[in-house]
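Q: Residue numbers (the numbering used here), protein chains in the order written: chain A, 1 to 420; chain B, 1 to 420; chain C, 1 to 337; chain D, 1 to 337.
Warning: the hint list may mix true and false statements.
[As the list claims (entries may be wrong)] Calculated pairs, DSS-like style, for lysine-lysine (alpha carbon to alpha carbon, straight line, at most 25 Å): (1) D:LYS47 <-> A:LYS212; (2) C:LYS47 <-> B:LYS413; (3) B:LYS405 <-> C:LYS211; (4) B:LYS413 <-> C:LYS266; (5) D:LYS211 <-> A:LYS405; (6) B:LYS212 <-> C:LYS266; (7) D:LYS211 <-> A:LYS413; (8) D:LYS265 <-> A:LYS413; (9) A:LYS212 <-> D:LYS46; (10) B:LYS413 <-> C:LYS194; (11) D:LYS50 <-> A:LYS212; (12) A:LYS186 <-> A:LYS377; (13) C:LYS46 <-> B:LYS212; (14) D:LYS266 <-> A:LYS413.
The set of hints was computed from the structure by calculation and includes no laboratory data.
If you want the building blocks of each chain, they are given just below.
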Amino acid sequence: MARKKPTEPAAAAPRGPLRLHIPEPSARPGEQPDFSNIKVPPAGKLKRPPLNAREPELRDYADALIRVLDDDARAVGDWDPQLDAETLRRGLRDMLLTRTFDDRMLRVQRQGKTSFYMKSTGEEAVAIAQAYALDPDDMLFPSYRQQGLLVARGHSLVEMMCQIFNNTRDRLKGRQLPIMYSVREKNFFSISGNLGTQYPQAVGWAMASAMKGGTRIAASWVGEGTTAEADFHYALTFASVYQAPVILNVVNNQYAISSFQGFAGGERATFAARAIGYGVPGLRVDGNDFLAVYAATKWAADRARSNGGPTLIELFTYRAAAHSTSDDPSAYRPQDESNSWPLGDPVERLKQHLIALGEWDEARHAALTQELDERVKADLKEAESYGTLSTSPASPKTMFEDVFKEVPAHLVKQRQEMGY
Amino acid sequence: MARKKPTEPAAAAPRGPLRLHIPEPSARPGEQPDFSNIKVPPAGKLKRPPLNAREPELRDYADALIRVLDDDARAVGDWDPQLDAETLRRGLRDMLLTRTFDDRMLRVQRQGKTSFYMKSTGEEAVAIAQAYALDPDDMLFPSYRQQGLLVARGHSLVEMMCQIFNNTRDRLKGRQLPIMYSVREKNFFSISGNLGTQYPQAVGWAMASAMKGGTRIAASWVGEGTTAEADFHYALTFASVYQAPVILNVVNNQYAISSFQGFAGGERATFAARAIGYGVPGLRVDGNDFLAVYAATKWAADRARSNGGPTLIELFTYRAAAHSTSDDPSAYRPQDESNSWPLGDPVERLKQHLIALGEWDEARHAALTQELDERVKADLKEAESYGTLSTSPASPKTMFEDVFKEVPAHLVKQRQEMGY
Amino acid sequence: MATMNMIQAINSALDVMLGRDDNVVIFGEDVGYFGGVFRATAGLQKKHGKTRVFDTPIAEGGILGTAIGMGVYGLRPVAEIQFADYIYPAFDQLVSEAARLRYRSGGEYFAPITVRAPCGGGIFGGQTHSQSPEGVFTHVCGLKTVMPSNPYDAKGLLIAAIEDDDPVMFFEPKRIYNGPFDGHHDRPLQPWSKFPQSEVPEGYYRIDLGKAAIARAGSDVTVLAYGTMVHVCLAAVEEAGVDGEVIDLRSLLPIDVDAIVASVKKTGRCVIVHEATRTSGFGAELSALVQEHCFHHLEAPIERVTGWDTPYPHAFEWHYFPGPQRVIPALQRVMEN
Amino acid sequence: MATMNMIQAINSALDVMLGRDDNVVIFGEDVGYFGGVFRATAGLQKKHGKTRVFDTPIAEGGILGTAIGMGVYGLRPVAEIQFADYIYPAFDQLVSEAARLRYRSGGEYFAPITVRAPCGGGIFGGQTHSQSPEGVFTHVCGLKTVMPSNPYDAKGLLIAAIEDDDPVMFFEPKRIYNGPFDGHHDRPLQPWSKFPQSEVPEGYYRIDLGKAAIARAGSDVTVLAYGTMVHVCLAAVEEAGVDGEVIDLRSLLPIDVDAIVASVKKTGRCVIVHEATRTSGFGAELSALVQEHCFHHLEAPIERVTGWDTPYPHAFEWHYFPGPQRVIPALQRVMEN
Ligand SMILES: Cc1ncc(C[n+]2csc(CCOP(=O)(O)OP(=O)(O)O)c2C)c(N)n1
Ligand SMILES: Cc1ncc(C[n+]2csc(CCOP(=O)(O)OP(=O)(O)O)c2C)c(N)n1
Ligand SMILES: [Mg+2]
Ligand SMILES: [Mg+2]
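Isolated chain A, as found in the complex (with noise of 0.2 Å):
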């Protein structure tokens, strides 16, 4: 081999000219949807690790993808968490419910009786599943896209319907854009309009029941777009450096407003391979296979409680509706590209399965559906009899409260001048 001077340009590399690399989605509005770059492993395939299995040992699951609901919407496999029927029938009617839900309160907000809503349609099995899979007093530190975790958790319609009215019954004091939830008493941690400032927050409660030799464990969402702001590092640097019992999930749905997850870092790298640097497992999950996202979920939470320390969960799955009721897709994807989403619909597959079973069919689905569809109807019109934002908010004498726990003097002056 040739003995170059090191200071002279490298003759064996070109010289440039550079490039620069602009992340491009498969498709753009007017063209045919494609996900062809998107691998499908058949379910059931991988193991389920030892709950005290190291890190390294786990590095294929951060590229894999834990499925366990097979093409005929059969549960196979290690992780089949074996739910029983009326658990199985609970999480449909919880993840309808949300999509109920949400499908009522966008036409609330076309009606203009509240300012703004967001979806989490296609997303549903994340949040039911997960809440399932934790325990009651986890606590819970949410994006504003798992409203589904409070439905899990039996919170009352009527109140979140009262906080996206900003009504006289808004525990928020109408406070607060609609659907930043705080809900204390569900461990439902108060939702911040600035992204991913939860995620830091989640892993010091967890290292405070850990110091406290709790019994509690924390879990925390952020969007795939999310990852790339500061806490989602600094959220994963301290759960690895002090072991806190905490779950992080990134609930990849393809998505950030306009942007796909190629500019998060997604051409590259799965998101739950962000893990393996930090020496935490990262487990990659179908996250519209309500079984798979409960059983990893379920695996996290154990080792978390046994002192295992954090898990890292990737939901791979598809936001179908808008990003918000600012948004419209048309502008950024294909129109029907959600049809195509090749990992299909939580509560369809769900359903089928339940139906494989033999523990449900169409008649009792229609009957579910219709059933849900009233109750929400009717939780509107009471939440609506408490007043919506067009009509009567609370009052506004208590927005100088909260500022601090006393209102300090010059708040008191403040209130005054407002002529309250």
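Following the hints, position chains B, C and D with the ligands against chain A.
A: Showing chains B, C and D with the ligands alone in chain A's frame:
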């Protein structure tokens, strides 16, 4: 397998008590240094992968340790860059010059002629070998511990001293803490006092070079402790998304002031492994092996230059001196720990290699040592003739300049108030 | 000349600069293919290409950190922060880097970046889509801070900001993107097309940073405002029947002290209005400046009318927003003295 | 009673609170085994254990993000930011989270955290070890901001801050850790032991946040200061031969308006002194408050003596630092009027 109700506490998992893990170094003051946990693989075993290898094929390099110099000080294996003897002697000289400069400046600070100093003792191979592996027009975004980059690029030591003294020849006009150099003509970026900020800046610079179809690449350095900062994550995310032609170096010298690398996550994974989650190659290198550092950096530079995108390099080394003149390591680590560092000293190892090659001997080494010592003394004499911090600093008149390109009215007014 | 609303004027400024200077690049969350959540960059990627106008990861600190690096290379980055409320993750790169680089490097390096951020309330955005953080940046030496109040100024000031070799914070009051809002939320919004400031040249022109504009000449009281509040104050003086001189600051730093002082020395009275929270807001600096320069001319205490010292409460938007109902009494109080 | 310098008083406050309340935890960069770069936490890990006092990764945003989570669990985290200059990476967690949590959750959640940060110059720390960012935090509704000027206050205020259920920014003027510095850098530093404020009870006591102290009673002019500047102002009034009333604010938010107003109404004159940069610094808010409350009592313009609007230049520390040589002329100017 018993069917369980999922919302019950998981019978399987023990219910606490949870424990918080606090990282603990292997030895504290008064104890014997203990590096038994550090695995030192034999030199020359690893293959040098093709420049176009994709990240998944490179994962082993993040957990390995690229080494070229074996225990007999011979260059072995695929990674041997085969540098000629002249270059090796120059490398030895530049490393030694850097060390001589550091030792002298420490004394100068102790004499009260300036306020502060930071040495790079034990880490000289990082800056010198990496500077050699890059082209002179490549842009460097260093931390405060790569003064060797300036030495390798032939920057005037007198100029560096003038900055350290904040004297009349200080090109930074007395504004900066000693060693916070900025040397545009050497493509050496302004050192920031805020850790890590240069990392995304280097990526942005590299993105610009790629946008413009240029040929120049960027390189940046942070310590292992700094990897916990947001800017580390931003840099890797943007470098991955846009495949920026940049080399991101993590100098793992085992300590961040008093905190051993376990507080940055080092107990759970290597710092090179951080790259994996971004789909970026991560190379872990023996940072005290001049040839290994050169070879790995050259590989990353050639890769970047040929539009292969970014590389993360962990330089595994040891901070032999105090963090800075404000620090006393005897308060947090065993007194003689550096002597037990399993990867030896970079100057000594290159010296022995040259001797083994028959290209060097003790007499020449002694002569070189004395020559450099005299050179530094002479330079110091000149620099001091332009003043020291304790004598005449640059003129305060300039302190209102460069806040903005033109001095705005309010600063003119303030300057006049000051009497200038 | 064309008729433009504020978004169109901003889009036009960006388009003109992309065309004039190959070193201008534009990026931010959703600004590329989609054209921005407020459409400020609509059509620009298609026209100028993917490496001139592109989307970024959701990392404000990364956006501005890389912007600084691009600026060091020689580009003129124009970064969008989707909402001013989301600028805080980038605070360190702004304060410790963009603002300090020229100084600490003795002028060797600098950050010629422009940071665009929609700010202010009045759109039922709740507390994280309504903030006015401009005051904080005026405390950071090395940053310039600008806020236009109409399409003509928006384009001219944005072009000047992009051409400026110092980092410029360019805040866009989103409430007036489509029309000048005077605080009467119960009345239909008048589109910009009905106002002369919507007459905007299609080509290049600049309005130098640091010069205020007299939005309305008057002799009774000097009213200092910027952004949306200019329109609120114009309505308020009319309705109060006070001959107020409304000064549109346009640039907060550098600040046009001469224009302010000349007016207050003439009127002897001063009311300061901004939407940001009161305590330590930019109104405090304005008040201090006025009393320092005009102490012996002041016939009444300087009044500040501002957002309350609370987060912006979603349901109580109109109780929070400092509209005419709060500016008028202040005008009357200073006139009584 | 014991004789303590400011570091010892802070260490004592932390020790007392760790002993009184199992929920108090202390962490930050190098604060655990090593005891902090300024030794404020020396000995505390050994005494109270590794899970009560521990080191953290170098990530200010992570430190405060996790602190908020711990606070939500029910702990009382006391986090150290090694230098106030390094607080900016945590800005979003402070502004968008700690300060907003109680409000946005309708009182369901809150962040009872204390953030300790050494601030200010005078130690040749250069521009990134000398900053005084307190003013920025006073603009953020939901945060309390405190800065003590002596050992006795430091301990009492820190204990009150830790017990406070709201987030408190606790800034420690590092220049006076060992002794009160009056700006005469050419004279030997007097240790705290020579001053009565070094007489500090070993046990528990608190000084409520929001109450100013009269550092020196006087009738000619009111001098508003906090932190190191209190000592500079005390020296300045003596040397100027002016009977100045020096008010040590101690707490910037909440601010003791009554104490300020009572004094200015008495003296009719006011000089405001801080080390932070001038434009939009807390002095601006103080100036605005004083003229709003005391307009008709003021006999001279309010003067601000502050750090210049530049970064803190290493070699020109004493040209930058607002010492007696700058306070005295200001006192004389206001007295001339
Ligand atoms: C710090 C911050 N930056 C930007 C925004 C604006 N924003 C709101 S949602 C969103 C996209 C988030 O995408 P992702 O994390 O994938 O979550 P998803 O909406 O898909 O559930 C953006 C950019 C914000 N709320 N906070
Ligand atoms: C943002 C920020 N936080 C904290 C500091 C204080 N500080 C200076 S050096 C240092 C340790 C850095 O350790 P490492 O990154 O390992 O680099 P090394 O000193 O070992 O080269 C710290 C905490 C700083 N300068 N900037
Ligand atoms: Mg998403
Ligand atoms: Mg280190």
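Q: Please go over all the hints and tell whether each is borne out by the structure.
A: Verification of the supplied hints:
The suggested pairing of LYS47 of chain D with LYS212 of chain A holds, with an alpha-carbon distance near 18 Å, which does not exceed 25 Å. Under the criterion of a C-alpha separation no larger than 25 Å, the hint pairing LYS47 of chain C with LYS413 of chain B is inconsistent with the structure, at around 46 Å. Our distance criterion of 25 Å between C-alpha atoms is met by LYS405 of chain B and LYS211 of chain C, whose separation comes to about 17 Å. Among the hinted pairs, LYS413 of chain B with LYS266 of chain C is consistent with the structure: their alpha-carbon atoms are about 23 Å apart, no more than 25 Å.
Between LYS211 of chain D and LYS405 of chain A, the direct Cα distance comes to roughly 17 Å. Compliance with the 25 Å bound is thereby established for this hinted pair. The hinted pair formed by LYS212 of chain B and LYS266 of chain C fails the criterion: a straight-line CA distance of about 54 Å is larger than 25 Å. With a C-alpha separation of about 18 Å, the suggested pair LYS211 of chain D and LYS413 of chain A falls inside the 25 Å cut-off, and the hint holds. Taking the CA atoms of LYS265 of chain D and LYS413 of chain A, the gap is about 20 Å. The hint holds against a cut of 25 Å.
The straight-line distance between the Cα atoms of LYS212 of chain A and LYS46 of chain D is roughly 19 Å, inside the 25 Å bound, and the hint therefore holds. For a cut-off of 25 Å, the pair hint linking LYS413 of chain B to LYS194 of chain C is broken: about 43 Å separates their Cα positions. A threshold of 25 Å between alpha carbons decides the hint, and for LYS50 of chain D with LYS212 of chain A the separation of about 13 Å falls inside it, so the pair holds. For the suggested pair LYS186 of chain A and LYS377 of chain A, the alpha carbons sit about 24 Å apart, so the restraint of at most 25 Å is met.
Note on LYS46 of chain C and LYS212 of chain B: the hinted pairing holds, with a Cα-Cα distance of about 19 Å set against a maximum of 25 Å. With a C-alpha separation of about 23 Å, the suggested pairing of LYS266 of chain D with LYS413 of chain A holds against the 25 Å cut-off.
When each numbered hint is compared with the structure, violations occur for hints 2, 6 and 10.
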